Amino acid sequence: MARSITYREAINEALEQEMERDPRVIVMGEDNAGGEGSPGEMDAWGGVLGVTKGLYGKFPGRVMDTPISESAFIGAAIGAATGGLRPVAELMFIDFMGVCFDQIFNQAAKFRYMFGGKAVTPVVIRTMWGAGLRAAAQHSQSLLPVFTHIPGLKVAAPSNAYDAKGLMISAIRDDDPVIFAEHKLLYDTAAEVPQESYTIPFGEANIVREGSDVTIVAIGRMVGMAAQAADELAGSGIQAEIIDPRTTSPLDTDTILESVENTGRLVVVDESNPRCSLACDIGAMVAQEAFGSLRAPIRMVTGPHTPVPFSDALEDLFIPDAAKIAGAVKKAVDYGG
Amino acid sequence: MARSITYREAINEALEQEMERDPRVIVMGEDNAGGEGSPGEMDAWGGVLGVTKGLYGKFPGRVMDTPISESAFIGAAIGAATGGLRPVAELMFIDFMGVCFDQIFNQAAKFRYMFGGKAVTPVVIRTMWGAGLRAAAQHSQSLLPVFTHIPGLKVAAPSNAYDAKGLMISAIRDDDPVIFAEHKLLYDTAAEVPQESYTIPFGEANIVREGSDVTIVAIGRMVGMAAQAADELAGSGIQAEIIDPRTTSPLDTDTILESVENTGRLVVVDESNPRCSLACDIGAMVAQEAFGSLRAPIRMVTGPHTPVPFSDALEDLFIPDAAKIAGAVKKAVDYGG
Amino acid sequence: MTGTLPTTVTQELGPDALLTAYRTMRTVREFEERVHKEFAGGDIPGFVHLYAGEEASAAGVCMHLDDRDAIASTHRGHGHCIAKGVDVGGMMAEIYGKATGSCKGKGGSMHIADLSKGMLGANGIVGGGPPLICGRALAAKQQGSGGVAVAFFGDGASNQGTTLESLNLASIWNLPAIFVAENNGYAETTSSTWSVATDDIADRAAAFGMPGVIVDGFDFFAVHEAAGEAVARAREGGGPTLIEVKFTRYFGHFEGDQQLYRGDEVAHARENLDCLKRFRTRVTEAGQLTNEQLDGVDTEVAEFIDQAVTEAKAAPKPGPDQLLTDVYVAY
Amino acid sequence: MTGTLPTTVTQELGPDALLTAYRTMRTVREFEERVHKEFAGGDIPGFVHLYAGEEASAAGVCMHLDDRDAIASTHRGHGHCIAKGVDVGGMMAEIYGKATGSCKGKGGSMHIADLSKGMLGANGIVGGGPPLICGRALAAKQQGSGGVAVAFFGDGASNQGTTLESLNLASIWNLPAIFVAENNGYAETTSSTWSVATDDIADRAAAFGMPGVIVDGFDFFAVHEAAGEAVARAREGGGPTLIEVKFTRYFGHFEGDQQLYRGDEVAHARENLDCLKRFRTRVTEAGQLTNEQLDGVDTEVAEFIDQAVTEAKAAPKPGPDQLLTDVYVAY
Ligand SMILES: Cc1ncc(C[n+]2csc(CCOP(=O)(O)OP(=O)(O)O)c2C)c(N)n1
Ligand SMILES: Cc1ncc(C[n+]2csc(CCOP(=O)(O)OP(=O)(O)O)c2C)c(N)n1
Ligand SMILES: [Mg+2]
Ligand SMILES: [Mg+2]
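Those sequence lines, one after another, are chains A, B, C and D.
The numbering of the first sequence is my numbering, which starts it at 21 and goes up by one.
The numbering of the second sequence is my numbering, which starts it at 21 and goes up by one.
The numbering of the third sequence is my numbering, which starts it at 167 and goes up by one.
The numbering of the fourth sequence is my numbering, which starts it at 167 and goes up by one.
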């Protein structure tokens, strides 16, 4: 019997199963244990959007609250990872990285190299990303390009509940620091997710849909947008292949290049700001490695070079949608004739 | 009579002339006023590599020391900029951005948009970047892609003393927040620099050398490396055009596109790590906008996906050099036969 | 509609000043109660954090401020905005994401600002404001304007490195800055008795070489007095002060919060401690104002807020051309 | 060559322990004096910050530590490394950027580490270590190992938000952590009397609910005693301590610093306060060790360091294949 659970539940289940399996796994974050023991609360808050809810009671002493001191507690998670624990720390919104980035990019990411290969830092930093919740400029960013830029980090960005569970289990078992980017608009989306534990390897893209006319590479929530666009395009006789990299670092370049070799066209969809984005990263990689296969200019569909606006009237224009993606695909297909 | 001064002196002169011209300009940073009044010190330290030396005595009360509290003092510079001053704050090494990035990217960069166009934040953040000083992983990074990614920031990266002076004067007079990235390996390089004040507009690339076979876009110290490569290539009959964007945000895409339309080939040289880099940014922009002109794959010459190593034996391999650039150019020129 | 409240009053607190203080607090309360209701109705998007219960802090501090002075606020910023004189109609429209909002609908509740009023913005980043306030205080000092700058921040924010650094910086630069720690007992669900290692946040003042005081945040007069001293000292070049204001927030952390983590403290506070009630009792018993005068303010404010909501609802959303504007002065 | 010094000693400080303490300090001093000389000769690349003058801190603290325990250091890390038992030959080779270095030449002076010895690394980021130490202390606590973790940091670092946050976190998590503020009077050229708003850094302990003590950093025994108390309290679940150690660094901020910003304090300290001299006087006067014994250590250490330099110079640089390795465990 297929069982459908949400992205939020899938992450929670992955955490629970890994905590069960491995006593070294601990969870920490603001309000993760908040409210425990209070009159109306059965367990604890489980973080601001409740992703870790239920774990506090099940794993006494292993779900920790933190003060609003991201440098200290993200750094503590990193330090603890060098000392035999496998912490999963929650940086509530990815936008808050600016108060603790040093610990992530100069400490965790660089230990192994700086120390000549003699450090292992198995920390997972869970964080919410993405626009669409009317949360405005400081709670809606992508910032995945910034983390992807940094050698020593791995970056996972699941686009659905099934991947979320498998990638989280891989992340926890991974010996390198992982940024686990949960798209906040996906928390309530459901998919079939096996009860039993499973892993999805990092660096293996998912071919979400096969097609021969154009390759669409999309990240996170944009995978669903691309699927909508593909449905639409199929109506016009255009068969789009959709690739979800699932992890942006490592990036499965082989799958992308192979696809472009078949389709001859590339559209990259990345909701982040455009400059030095994943769209550029993937677009340039293809323009360097598969130029001979390209029959049309690569096309990048991203957010604009602006902060994320608050008003829904503007935010909906900020975020790439199916129409914009379809438009880019049509430009690519129509190119040169 | 042509006068030659160093990159360091050019920046110092720009600061001095602007402080003279505009009483709202103040300078702050760690050890910028350090040592003032002590037995052996005539002025003050002028920052760790002495760039602001001499200003303390000339502008009493306008060159300020700071504690090692980058969030507080970079934030203070930003706050002061909203209150009528035009601060130039020194973030000693760009690598230290991780302890204060929030003030830069969530505050300064976003005020204007978040506040509906009603804020003006004329702050300049001077910072040292780049590899080559055997300063290892936490003192040698580029990180320009990270700043370039952020809407609301401007990013200048002068490649020579002449540009350094003109861009600094523009930066100070600019009403938007500017990251002014000084390449530490260029401080002692000299060029002809007029004594009188002059500005170089942001978003106007410099065509350093004209050529018809290939366009090399290079950033910061890489401009000099590209020039070396071009000399070498000229020997093999390959005429390279070298473009120095001077500012990465805004980026002068027109000049780059025009050049590629003539040469049909693009090599981007960026000493930063490769993922989501400026090399990707410029490469993908060209692959989207000038695909029809491209006669060969775009080629990116960057640092590898590793932290910057300490040992000179490795650091010299990390940094793109003339041979690597020439190799990439040859690949582009030889493409397709 | 012009919804600006007067912000400059004498410190003596004659009847006019008292009425102004009451009107400020009453306006904040009415604003927040109404936003609470409208949010429940589903009309207001995003994250909204209400200030009800804490009015005496914003009002008591900002009554000492004038055009030379600046404040920085938090995610829970409506009260600070109103007390510093930001147009209330614009604020309401902003919360609805309308083109007529304080920030043209681009900022929302968490980013309401009005630099022309010295209001540097609500802030979505906990601890985002204190460094900025050091800068505003520095600017005032450099310009010799006599201005001061005030950072409001929460108990949770008192553990953020940016806040702690700012206390030190303000002290060693001897800045005309005032740090107002609004201790409402919680950061989201996390109790300040747990998250703050000292008994009181004010204890931290000594670690950064400045005076620290604790005041009952339900008592407008206590806040007003402490702030008056701090502002006077700052204006005279005496440097920064840390003021801890203790009280309770009346609503959840944000709208939608079920608040299972706390008991009946709100009912108790509303009944017995409320700043508006206490203010009323005191000024009427002392014969400074009459109940009729205060009732008049209540009525006036209720109409004023009702009008703000009506206008906000009717206002247009920002047009598509607004997406790309206002990023740079010039690019 | 195996350059590891024993790190576990009894607390009673019998002759063996005293000899170990002296040997540690002497090794650090000789290491630093020699690096100073070699740097001047132009053989050593990059930024090098020397610990000479401050030896009693590293030695006095680390004598209480064993394999369960971890430390995090700073840019001025050689002394901490040696005191925690990192191989001295490997350290020297690292400073020369050689393949035989502690970090295979990839880290350099500012990043020497040996996790197998509980040495989490020198750190190029001021304030980088204290958060990490909270984590090591947490790991020890969760594992019930009885281990403690120590963050060394400078007076300059005591103003960094990461450090201040860590004090609070360690306190509220009740961690077995010790924070050692090494106040050598300067952060680069900036005087700590200016940059730290309080008289003493130890004053900040109270702001984060932990005991704070000040010790004379030239006095090994004073450091040793204060650290012993702090370590014992931490091991017993009594939570963190802040220890401020006051002294002077003998060389410039980094090698190459002209030091125009300070007077003759170094000459004075070397002459009258020096930790090695003081140690010698005390233990010989008390009859615990003889001058001959100590001279023997001096000779031994001088040879040991000389050998380290000879070997480091002769060692190969890392090969080109090393550029891309050691970024990830698997990618
Ligand atoms: C740097 C950062 N960390 C976390 C958050 C999420 N967050 C928003 S408000 C809040 C609680 C703030 O508590 P407090 O400072 O006491 O203010 P209060 O909400 O009680 O007014 C948290 C954790 C944030 N916005 N920024
Ligand atoms: C975040 C950060 N800011 C600035 C620096 C540059 N820097 C390196 S050491 C130093 C002074 C540190 O002073 P202190 O903490 O007292 O240590 P000391 O050098 O005296 O041992 C500075 C400013 C840095 N490495 N990291
Ligand atoms: Mg609170
Ligand atoms: Mg110092």
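Keep in mind the hints are simulated off the structure, nothing from the lab.
Since we're looking at a predicted model, the values are computed, not measured.
Heads up, the beta-carbon is just placed ideally off N, CA and C, and yes, glycines get one too.
Do not take every clue at face value.
To be verified - The calculated label-pair distances, taken between Cβ atoms and stated as ranges, are: (1) A:354 with B:356: 21 to 29 Å; (2) B:77 with D:310: 54 to 62 Å; (3) C:203 with A:77: 50 to 58 Å; (4) D:423 with A:195: 48 to 56 Å; (5) B:77 with D:366: 47 to 55 Å; (6) D:366 with C:404: 52 to 60 Å; (7) D:365 with A:60: 41 to 49 Å.
Stated by the list, open to error - Straight-line distance between alpha carbons at most 30 Å, and here's what the computed BS3-like set of lysine-lysine pairs gives: (8) D:283 with B:73; (9) C:283 with C:479; (10) A:344 with C:443; (11) D:283 with A:138; (12) C:283 with C:483; (13) D:479 with A:138; (14) C:443 with C:283; (15) C:412 with B:138; (16) A:73 with C:443; (17) D:283 with B:344; (18) C:479 with B:138; (19) C:283 with B:138; (20) A:138 with D:483.
Taking only the CA atoms, is the gap from residue 412 (chain C) to residue 138 (chain B) under or equal to 30 Å?
Roughly 33 Å between the alpha carbons, so the hint for residue 412 (chain C) and residue 138 (chain B) is violated.
For the pair supplied as a hint, residue 283 (chain D) and residue 344 (chain B), is the alpha-carbon distance within the 30 Å limit?
It is violated: about 40 Å lies between the C-alpha atoms, which goes past 30 Å.
Given a hinted range of 54 to 62 Å, is it respected by the beta-carbon distance of residue 77 (chain B) and residue 310 (chain D)?
Holds - the Cβ-Cβ distance for residue 77 (chain B) and residue 310 (chain D), about 60 Å, lies within 54 to 62 Å.
Are the Cα atoms of residue 443 (chain C) and residue 283 (chain C) separated by 30 Å or less?
Status holds; Cα separation ~29 Å.
Indicate whether the distance between the beta carbons of residue 366 (chain D) and residue 404 (chain C) respects the range 52 to 60 Å.
At roughly 23 Å between Cβ atoms, residue 404 (chain C) and residue 366 (chain D) fall outside 52 to 60 Å, so the hint is violated.
Holds or violated: residue 479 (chain C) and residue 138 (chain B), Cα atoms, limit 30 Å.
holds (23 Å)
Take a look at whether the Cβ-Cβ distance between residue 77 (chain B) and residue 366 (chain D) falls inside 47 to 55 Å.
At roughly 32 Å between Cβ atoms, residue 366 (chain D) and residue 77 (chain B) fall outside 47 to 55 Å, so the hint is violated.
Quickly compare the C-alpha distance for residue 73 (chain A) and residue 443 (chain C) to 30 Å and report which way the hint goes.
Distance of about 39 Å is beyond 30 Å: violated.
Please test the hint of 48 to 56 Å on the beta carbon pair from residue 423 (chain D) and residue 195 (chain A).
Taking Cβ atoms as reference, residue 423 (chain D) and residue 195 (chain A) lie about 40 Å apart, which means the hint is violated.
Compare the distance between the alpha carbons of residue 138 (chain A) and residue 483 (chain D) with 30 Å, and conclude whether the hinted pair is satisfied.
Since the Cα atoms of residue 138 (chain A) and residue 483 (chain D) sit roughly 18 Å apart, the hinted pair holds (cutoff 30 Å).
Has the given pair, residue 344 (chain A) with residue 443 (chain C), been kept, meaning a C-alpha gap of at most 30 Å?
Violated, at roughly 56 Å.
Within 30 Å, alpha carbon to alpha carbon, are residue 283 (chain D) and residue 138 (chain A)?
holds (11 Å)
Checked against the numbered hints above, the structure breaks hints 3, 4, 5, 6, 8, 10, 15, 16, 17 and satisfies the rest.
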